[in-house]
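K.L.:
Here is what each chain is made of, one letter per residue.
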Amino acid sequence: MNENVIVRDDGFHADDWTGAMFEIDPAAEIDLDAALAAPLVRVAFAAMTDGRGFTIARRLRAAGFTGRLRALGPLVSDQYRHARKTGFDEIEIPPALAARQPEAEWLRAAARSRRDHRSLIHGLDATRK
Amino acid sequence: MSLDLPASASAAPAPQADAFDAAFLAERAAEFRDQVARRLSGSLTEEEFRPLRLMNGLYLQLHAYMLRVAIPYGTLSAAQMRALAEVAERWDRGYGHFTTRQNVQFNWIALADAPDILDHLAGAGLHAIQTSGNCIRNVTTDALAGAAADEIADPRPYAELIRQWSTDHPEYLFLPRKFKIAISGAETDRAVTRAHDLGLHLRREGDAIGFRVIVGGGLGRTPRLGSVIRDFLPEADLLPYLEAVLSAYNLAGRRDNKYKARIKITLAEMGETAFREMVETEFARIRPGFPPVDPAHFAAIKARFPAPPAPRAPVPLPPALADFARNLAPHKVAGHVAVTVSLKPHGLPPGDATAAQMRALADLAERYSRGEIRISHDQNVVLPHVAQIDLPALHAGLVAAGLATGNVGLLSDIIACPGLDYCALATARSIPVAQAIATHFRDLGLEAEIGELRLKISGCINACAHHHLGHIGILGLDRAGVESYQVTLGGDAGDAAALGEIAGPGFTSEALIPALERLLRAYLAERAPGERFIDTLRRQGPDRFRAALYAGGDDA
Ligand code: SF4
Chain A
1 MNENVIVRDD GFHADDWTGA MFEIDPAAEI DLDAALAAPL VRVAFAAMTD GRGFTIARRL
61 RAAGFTGRLR ALGPLVSDQY RHARKTGFDE IEIPPALAAR QPEAEWLRAA ARSRRDHRSL
121 IHGLDATRK
Chain B
1 MSLDLPASAS AAPAPQADAF DAAFLAERAA EFRDQVARRL SGSLTEEEFR PLRLMNGLYL
61 QLHAYMLRVA IPYGTLSAAQ MRALAEVAER WDRGYGHFTT RQNVQFNWIA LADAPDILDH
121 LAGAGLHAIQ TSGNCIRNVT TDALAGAAAD EIADPRPYAE LIRQWSTDHP EYLFLPRKFK
181 IAISGAETDR AVTRAHDLGL HLRREGDAIG FRVIVGGGLG RTPRLGSVIR DFLPEADLLP
241 YLEAVLSAYN LAGRRDNKYK ARIKITLAEM GETAFREMVE TEFARIRPGF PPVDPAHFAA
301 IKARFPAPPA PRAPVPLPPA LADFARNLAP HKVAGHVAVT VSLKPHGLPP GDATAAQMRA
361 LADLAERYSR GEIRISHDQN VVLPHVAQID LPALHAGLVA AGLATGNVGL LSDIIACPGL
421 DYCALATARS IPVAQAIATH FRDLGLEAEI GELRLKISGC INACAHHHLG HIGILGLDRA
481 GVESYQVTLG GDAGDAAALG EIAGPGFTSE ALIPALERLL RAYLAERAPG ERFIDTLRRQ
541 GPDRFRAALY AGGDDA
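So the sequence lines, in the order shown, correspond to chains A and B.
Everything in the first sequence is counted per full-length UniProt numbering, starting at 1 for the first residue and increasing by one.
Everything in the second sequence is counted per full-length UniProt numbering, starting at 1 for the first residue and increasing by one.
Bound conformation, chain B alone:
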């Protein structure tokens, strides 16, 4: 096993691999081994075992078990990436799938292997704890955290604090439904905080750090953008406030109908005011007696996230790499950029990486990004701290690994869920649809011309690919045994968060692509110079575009 820390001393330490967590993860892996044995001996029934295995990240899928491994706040060390590569190779079919919630999924796991895999992951400071089940899930954040030019403060120390607080929290492991938290530390929200059960947007008032607290966002069959219930929650109040929200939800959330059990429904049914009062009452009750965060402990958490690199002389991008400019984001330190490595090569499943690619990414991260790797909610990989002068060498390394697709933010940078190829809940395929769309527009040569376009495809109403937030969203449904693709227009995951509107009746899989082509040609005809699809759509309203979509009927 190649779990030794890389030779490069500059590599970031695995943030969660301190002694306490190492012991905790080893205990949890042993506990799960025991649970599997007790399931096999009959001491645990399948019904009892189910929530326990889900809490350890193990899903029963269409063809096999799927193991969902957390990538806390999307940050991985090179050594951890190699540990994932090893899991892919030894226990899966040689690849892993990165999801929209900063997790990685292995789709072909044998239940009997799961305890060994968890042991292996624990050795690298990784785990699958609370990546599923009706509990507080992996806390997600901005993939550019610690690097982005527009950052107010690195959100990851707070994400780690929340991770620690929520891990095996005895009160919140059997909630009415799953509970997802996202935190953004920059001006621009790249963590989709308004589509989470609880979103935190870090803010600064004078010297004080605090959070805008957003509750009750979520997609699925009842999409809803979260409501702001506190505009500025002082940093010191964070954990007691979370306790107040979670305990209120634990008691008030519905348990009679799983489709109405998310906190967004609790909030919608109670009304925002009553909900806020319930939380504030509980907060007022517990806040005075709530022990403060130990300053030494929080300082130690902060110290795990190394300061950004020292400034370098800026270097312009060589003209030969012009197409790669889309994959670069401004860095807070001069002479650096954050590089997004697209996991969306045209025609391949979005978000998949092979074991060889994971190792190549680990090597490149060590050489050019201080050993740090991020997973973005767009299912891409980010190398956060790359010196501009290293870009040509990094690019060459990416080309060699088949990872140099320069399509970040373009039409083929599609978010797609596993859909009918893997998922037991799916009503339609999503990966093949994504592949077909990406190759179609590449072959037309229109992709660069169309420019920034966020396209998201979910394989059922659960909306794991966040299709409601796509500029163009596609939802695959089953209509009397036939796949039918419903298109939504005008969604946005960014600061101007918006839910897309359903354009009309669904399309057959054959009719979908010509319809999208008509839609996008209409955009090209209507747009003002430099205007993005979403902006033209907002300026003109949806009618013109709906007409273009349906100009060929819905099954032509």
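Isolated chain A, as found in the complex:
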């Protein structure tokens, strides 16, 4: 593999996106209107420890973004639920990471419970998958 891999709830995929893509670099000023109008927004993570993308995703969804939301960068499978909960649909990971952390690990992460204290607080179903 030398292409990036797209990870979704059902495992690894090759990139199948051919339309326009709006890129967000958390370090730069974000043009929110342009992002909201895009069919796919890709938010870059410089490192797994740089969590700015999670806030950006949540804010985009809160602002009404309904398109496809993709995280790009070296996130690990343990962060899959955080990405999904903040509004990402998928993660685009580099090939070396996909080789080291095979699809089975990501499938396991995707199947893991999303038990959520915040839903509990607000009286919503807190154990939904």
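Read the hints as simulated data drawn from the structure, not as lab findings.
None of the hints are false.
Derived pair list, reagent style DSS-like, types lysine-lysine, alpha-carbon separation capped at 27 angstroms:
no.: 1; chain 1: B; residue 1: Lys180; chain 2: A; residue 2: Lys85
no.: 2; chain 1: B; residue 1: Lys260; chain 2: B; residue 2: Lys178
no.: 3; chain 1: B; residue 1: Lys260; chain 2: B; residue 2: Lys180
no.: 4; chain 1: B; residue 1: Lys302; chain 2: B; residue 2: Lys332
no.: 5; chain 1: B; residue 1: Lys178; chain 2: A; residue 2: Lys85
no.: 6; chain 1: B; residue 1: Lys180; chain 2: B; residue 2: Lys258
Here the structure of chain A is known, so what remains is to put chain B with the ligand in place on it, guided by the hints.
P.N.:
Structure of chain B with the ligand alone, referenced to chain A:
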């Protein structure tokens, strides 16, 4: 394992051990087991594993791994204390170390044992989640919560709400830097809210409960007292306001330099006004759509914290226990006191408790404090609800366990970090220095005479022992391979929160104690009757005291 709830039905239920959390903790323990396995198989690199293990409370120290277990809002049941004793005995060297942030640390852990320990803790409703790493840490509060005579409202239901909200919050697990929250519910701030990334001071206006919100406090290499950014935040706005602060910080905090990444630097660099505007703008945006806290859920949280005991007839303290009076704090209910059990016996490491002592505390708590135990930020243990009539029996029990040191608030009630004995970041020893100071002044017979004195010793610039807030603070540095102890004067962790000022050049470890003795003798000579060290210092200014410190040179 002795994890069954104690026979005494009056014991407080483990507040966080409800079914939801029990399942959550079990899942997290299983997840961590999987992460350790994947680290060993190479699927996770050390760099990837590090933030994951830190988020589960596991640090790599000088000699071994250290596991930091959270004691949410400092409240433990007797059964939970016994679970800690078991960890100390089975997986450590028979003791644990209580910290200034209501955590307990086990210093000699094998990485391979960590998943079993987390399972064991989860069985008692305890965990190490978010006790480390760049995330929202254990929420701390007043050790006298629910008991203190000057309490406005018990802060613990709010602390628990914040704990739930911040646990595995998907947005805030990879912040620029760690984020510490403290909440005080009493008139007197015993939670050091001004030295936290975010401090909440509970207030009442008429019937309404709200919070003074303080942001950007912190010690370390750039000590700063927090700024008030809201004077009265209505209770219902608490979570959306926290969301606004955290998401603003997550985006605006610096990520290019870890020494400039705390929110105190964000605030200082942006300026208070711009920072407040950024938070308020985000708050205004999210507040209307923010789901309210389910009233039934919050009522259930409140119900976990039992009402204080019923009043009893007041009983005067027997004269034989006069020295123990320092360890007693006024209680909101007649005939009761809150008892601080000092973990600072002279000459032993401050904040340490053996497994046997933990079990003794659990037994005594069941017998005399409704099974409730608190851990204070002064690294002591509090039995919050003791009837005055039980004090002689409790005292006898403490004597038998070697826990009856009557030095709360005195010079030997020192806060000291682990320092060079354990900590990989340390530049000097702190525990041995604390031991030497405590025994020196005890042997001089001056300790009681000196009276209230807050002495804090950190083993490096990270200031884990809050030395800037000590009436006397000591910072151990490394000067060309030699330990050098820098003294700060005039700090205060209480309502009159203040950062101490550096007195001058550092002392060698040999010169430090004579210098402190000169300083304190100068105080005894200058003080007005009944005046505390800190008050004499404030009244007279530091010059006289600086002169006394350096009267012997700095390495004499
Ligand atoms: S102050 Fe320094 S030496 Fe002490 S515990 Fe903190 S990091 Fe370690």
